[in-house]
Amino acid sequence: MAETVADFFWKRLAEWGVRTIFGYPGDGINGLLGAMQRNALPFEFIQVRHEEMAAFMATAYAKFTGEVGVCLATSGPGATHLLTGMYDAYSDHVPLLAIAGQQARNVNGAHYQQELDLTSVYKDVSAYVQQAASPASVRHIVDRAMRIARAERKVAAIILPNDLQDVPYEAPVRKHGNTFSGVGYTAPKVVPYEADLRRAAEVLNAGEKVAILVGAGALHATDEVIAVANRLQAGVAKALLGKAAVPDDLAFVTGTIGLLGSKPSSDMMAECDTLLMIGSGFPWAEFLPKEGQARGVQIDLAPEMLSLRYPMEVPLQGESAETLRALLPLLEQKEEGGSWRKGIETGVASWWKEAEARAMAKANPVNPQRVTWELSPRMPDRAIITSDSGSCANWFARDLKMRRGQMCSLSGGLASMGAAVPYAIAAKVAHPDRPVIALVGDGAMQMNNMAELITVAKYAHRWTDKTWICCVFNNEDLNQVTWEQRVMEGNPKFEASQTIPNVPYHKFAELIGLRGIYVDDPERMGTAWDEALASDRPVVLEVKTDPEVPPLPPFLTFEQVQNFTAMLAKGDPKQGHLLIDTARQVLSSVLPGGNKT
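Residues 1 to 597, numbered by the UniProt record's numbering, are exactly what the sequence shown covers, in order.
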């Protein structure tokens with residue numbers, strides 16, 4: 001049999017180092033699937049329950065490996081299902097290749113069944129999108145897509161008509177109208193010029209109250225960030241995607257920042273005179289210093305992200321670790337034990353006590369903060385933690401103390417529901433020897449994550465480490481939005497839109513061969529985690545949590561207080577319950593023995 005376009009396609013991707021493809025079959029890609037089947041290539045095809053989950057998994061795979069994530073879908077609806085996961089990669093600057101089928105070339109433009117203008121569909125989300133028109137074009141389309149995705153850390157999309165997949169491959173010929181592309185890309189060393197590093201050092205050396213904010217771009221610069229922080233006697237706050245960039249056992253690490261962040265992070269930003277921002281596109285500028293308050297230095301590999309959230313005096317394009325290493329010799333050692341660093345450390349110590357008091361406060365039945373607080377000291381070394389984007393992200397952000405060697409992520413820029421379980425599956429595919437834990441709200445479970453537990457059941461036997469836990473916060477409420485309605489809009493809970501059915505998630509797990517654990521007693525929370533972590537198979541740990549425990553921001557604005565008061569005046573259906581829980585949360589941090597309130 002002559003080599004087909006599909007045969008060549010997969011061989012070329014193998015040359016680029018692709019090893020894992022997340023996807024779902026369909027007749028628009030049967031030629032590709034047949035070629036994958038007959039060629040002895042080093043691929044692992046992970047069959048998902050839905051194409052959106054394939055794109056989420058590919059995004060997470062890229063996050064947890066640094067490689068280009070690859071997802072595959074058929075034409076028409078399969079191709080459009082990929083979009084949310086593709087936008088997740090786009091929003092978080094993750095290299096992703098999406099491969100989609102298309103109807104035969106002869107019927108393109110004929111309003112044919114499952115024929116869509118996929119080039120236009122993918123144009124906004126992709127840095128490169130191309131539909132192949134001839135066998136010879138496939139070579140440079142693959143090469144360019146992979147090189148752009150890897151080099152620019154962006155989304156690339158390849159569209160292959162189904163009839164083209166099965167025709168014999170023809171290499172480009174040496175004549176006008178052809179091109180001869182090649183495989184391979186090596187990332188350059190990206191460091192600013194010496195003069196710009198010296199300008200940055202001048203700003204940082206002049207600062208007396210230096211604050212550092214790190215994001216995902218600093219995940220591989222842990223030692224460098226710590227060295228610079230100690231040289232400048234600075235505190236370090238973390239954007240959510242940078243939560244694993246520096247460990248939380250360091251006294252000067254203030255934790256996450258923003259609505260989901262800590263009080264010491266907010267205090268540090270409000271009081272600093274100098275801001276060093278490293279590899280972060282943190283979106284909420286109101287949590288950064290006021291304009292004009294602080295001098296700014298920013299390091300980012302993506303020039304379009306420089307001086308975007310705060311007007312930086314010295315914006316530096318560069319890779320974080322390399323740039324910090326070049327910058328460090330130019331920085332003067334500030335006096336150790338000064339009032340600025342001591343104040344930060346005092347605030348951090350006080351915050352962790354407050355977080356514990358809030359987590360241990362009574363609730364009905366289980367305080368959701370206690371779920372993550374009890375997990376934190378039990379997280380295994382090298383664990384990978386994923387979170388959904390609902391209210392559980394608050395507790396993920398605030399109550400988990402990350403240690404060296406651990407990883408974590410969620411849908412950051414897009415903040416999509418439904419990413420935690422596919423992220424956790426991808427983490428296990430990428431690192432089958434590492435423990436993986438997903439924190440998921442019941443809304444996301446009902447939306448799409450329950451189905452992906454079937455994917456877990458299918459592939460769990462391949463994992464050398466058996467620890468894979470999906471912790472479900474079952475509060476029968478779309479809780480994050482409920483609280484947004486109350487505090488941001490001043491409206492009571494709208495039960496028609498917010499209340500969701502009570503589903504026995506742990507029993508569903510048992511139906512498909514996983515282990516199910518159910519907790520509705522807060523005193524059992526710790527032992528339940530112990531049981532789940534010791535399990536010889538994947539676990540769904542379902543916790544009946546209290547929806548009225550408020551996700552208190554680091555500080556309340558007058559408008560938020562006004563809206564909350566207006567909501568109470570209108571009459572919330574859970575008003576008595578939420579007032580008690582809110583009082584417990586506020587008072588737990590200020591009253592002796594507040595954790596027993």
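Just so you know, these hints were derived from the structure itself, not from any lab.
Source: prediction; values computed, not measured.
Any given hint might turn out to be false.
Stated by the list, open to error - Straight-line C-alpha distance at most 16 Å; calculated EDC-like pairs for lysine to aspartate or glutamate: (1) K189 with E44; (2) K466 with D536; (3) K458 with E44.
Is the straight-line distance between the alpha-carbon of K466 and that of D536 16 Å or less?
Between K466 and D536 the Cα gap is close to 6 Å, so the pair holds against 16 Å.
Is the Cα-Cα distance between K189 and E44 16 Å or less?
Violated, because 32 Å separates the two Cα atoms, which is more than 16 Å.
Sort out whether E44 lies within 16 Å of K458, counting only the CA atoms.
14 Å, holds
Going through the hint list in order, the structure does not satisfy hint 1, though it satisfies all others.
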